[in-house]
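> As a plain string of letters, each chain reads:
Number of protein chains: 2
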Amino acid sequence: MIHTPYLLFLGDAPDHLAAKVAQGIRDWNPDAARGQFRLPGCGADMGLPDMTLEQAKAAGVKTIVVGVANRGGVISPAWKAVLKQGIEMGFDVAAGLHNLLRHEPDLAAAAQANGRTLHDVRVPTDTYPIADGKRRTGKRCLAIGTDCSVGKMYTGLAMDAEMRARGLKSTFRPTGQTGILITGNGVPLDAVVADFMAGAVEWLTPDNDADHWDHIEGQGSLFHVSFSGVTMALIHGGQPDAMVMCHEPSRTHMRGLPDYDLPTLEVLRDTALPLARIANPKARITGVSINTKAYGEDEAKRYLEEVEARIGLPTVDPYRMGAARLVDALNAI
Amino acid sequence: MIHTPYLLFLGDAPDHLAAKVAQGIRDWNPDAARGQFRLPGCGADMGLPDMTLEQAKAAGVKTIVVGVANRGGVISPAWKAVLKQGIEMGFDVAAGLHNLLRHEPDLAAAAQANGRTLHDVRVPTDTYPIADGKRRTGKRCLAIGTDCSVGKMYTGLAMDAEMRARGLKSTFRPTGQTGILITGNGVPLDAVVADFMAGAVEWLTPDNDADHWDHIEGQGSLFHVSFSGVTMALIHGGQPDAMVMCHEPSRTHMRGLPDYDLPTLEVLRDTALPLARIANPKARITGVSINTKAYGEDEAKRYLEEVEARIGLPTVDPYRMGAARLVDALNAI
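Which chain is which? The protein sequence lines are A and B, in order. Quick note: the first sequence uses our numbering, first residue 1, plus one each step. Quick note: the second sequence uses our numbering, first residue 1, plus one each step.
Do not take every clue at face value.
[What the hints assert, rightly or not] If you want the footprint, here are the derived chain B segments under chain A, 3+ residues with CB under 8 Å:
{"no.": "1", "segment": "180 to 194"}
{"no.": "2", "segment": "223 to 229"}
{"no.": "3", "segment": "272 to 281"}
[Claimed, not checked] Partial list, derived from the structure: chain B residues whose beta carbon lies under 10 Å from chain A:
{"no.": "4", "residue": "Asp15"}
{"no.": "5", "residue": "Gly133"}
{"no.": "6", "residue": "Arg135"}
{"no.": "7", "residue": "His236"}
{"no.": "8", "residue": "Leu257"}
For the record, the hints were derived by calculation from the structure and aren't laboratory data. For clarity, every value in this text was computed on a predicted model and none was experimentally measured. Backbone N, C-alpha and C fix where the C-beta goes; we use that ideal spot for every residue, glycine too.
Next comes chain A alone, as it looks inside the complex:
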């Protein structure tokens, strides 16, 4: 559990794209994003108050979150000077960097000396059980994709936000680093040992109120041969009552696999549904989420209408039009 509120450390991010983790936190957990810290030369701006560490302390910030990717796998001296001072002032530090905070001797020593915690969210911190497959109370929705990086996290976050805005019981359950930094907890599933993947997903989505929905962040794709095992564990560990299919229509091949074509939504549906029903016989597919960023407004509208007619399920781009229709479909279950 990463303590909120956060100070978003943007460092010397050359541009906005380099700070997309910070943007995710800003968009999806605005209550937690109390301020931003920028070094000279920073080209990113979250539109949050720029704060010194002293101001962040006064504003009640508990954790400095590194919201920027580091270049060349090196945590620079300029970054470290700020983070170390922050630790000495009583902040925890959280990051999803490939090279770990805990492997930096000076940061580790400062955390040790000051009783602070370094959260490396790429590394599992909990011990997960082997999945037992027992049916759990409460309801679960899992985003599945025709490919990796087609908008599964965004879809889950948008559905969760929409449900909470309606006063419905809902929790987003992150399975990747950005999601974990957004909510402050979760399972970095791609770093979990194989035998415990499904058990970790069960652990992440425990018994809950009958009318509560978990929105489980999807990973990979059944059709992406590098990561399909992780997707399978999400489908069987998550026991989803509902699945939303996510797709990005401008892809010409599977991400990183030039020889692999994307499946159609029909093939994804017909593959995922029988597999999901092994763990939850009531599983169904309730909607389609399309990332239409490659299309203009009219073209996007036409594409969504065409898919909705073909698949027969509510089809939206939640970035353009919100997730209301996807949530309506869950409530109809």
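Got chain A; can you put chain B on it based on the hints?
Coordinates of chain B only, in the frame set by chain A:
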């Protein structure tokens, strides 16, 4: 790589079942099993020469393999006295125990002092890549199961042995601890980090001669919700040209999951084949391997005939009648 030949350490195994790892090595790599070492009270016997450590040394043994399960997760002082002496005499030691050899300070110190290696085959020793999905030369056969522990390893070992007996090019590729101890190498797939599972299987089954077959040890089942992600990674990382379906007909439910029924062989076929064809469009199912241990001779024969008529593929119990027909089916591809 674990160096052969082996001295099989049976310790104080109360009975034969406790020494089933040793039995696997004895059955499937008899050239490697040079002798056995038994402590007072040992109730297991591999029918190998009983050797002192000195005799094993003289016989050219390179590695002492712990072929017995330890009770209560403790490596007893009696075991350790032998293993430590062996290390000091220049043997490596290999084991698949839950508690690791390397975590025993006296064994670790002895290995360090004498330049010997402790092989804990439950722990991955190699760094695996992320799978790239590229088609590899050579052919691959994967055993898939309706459930866990239905005879997948046995089937692969039997097919490999049959092919080698015929002078065909063939390698068994272990993915579990017993298989690794049998052949001396492999990938302990259930202990690999999620992101690298499929890549580990690609690594294990690299480019080979066009007429060479890898027999990949299967793990779990697509229908076993605790481990289906591991199975999925084997299907996509292994890119099997052929799959053999394995089944144990006396099961009343999935192993360890009392609420889950086993799939039929037809459902397994119809689920696995489209998934396998994502990675290898030429994938096919070539045979059925049934563990008929619960049946008498006549009953087994009738059952096999019935399945063969139903599924339309060579159906054998390789333990009772060998794997010749399964190999014939591969050669027909």
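> Against each hint, give a clear statement of whether it holds in the structure.
Results of checking the hints against the structure:
no.: 1; hint: 180 to 194; verdict: holds (count 6)
no.: 2; hint: 223 to 229; verdict: holds (count 6)
no.: 3; hint: 272 to 281; verdict: holds (count 4)
no.: 4; hint: Asp15; verdict: violated, 27 Å
no.: 5; hint: Gly133; verdict: holds, 4 Å
no.: 6; hint: Arg135; verdict: holds, 8 Å
no.: 7; hint: His236; verdict: holds, 4 Å
no.: 8; hint: Leu257; verdict: holds, 5 Å
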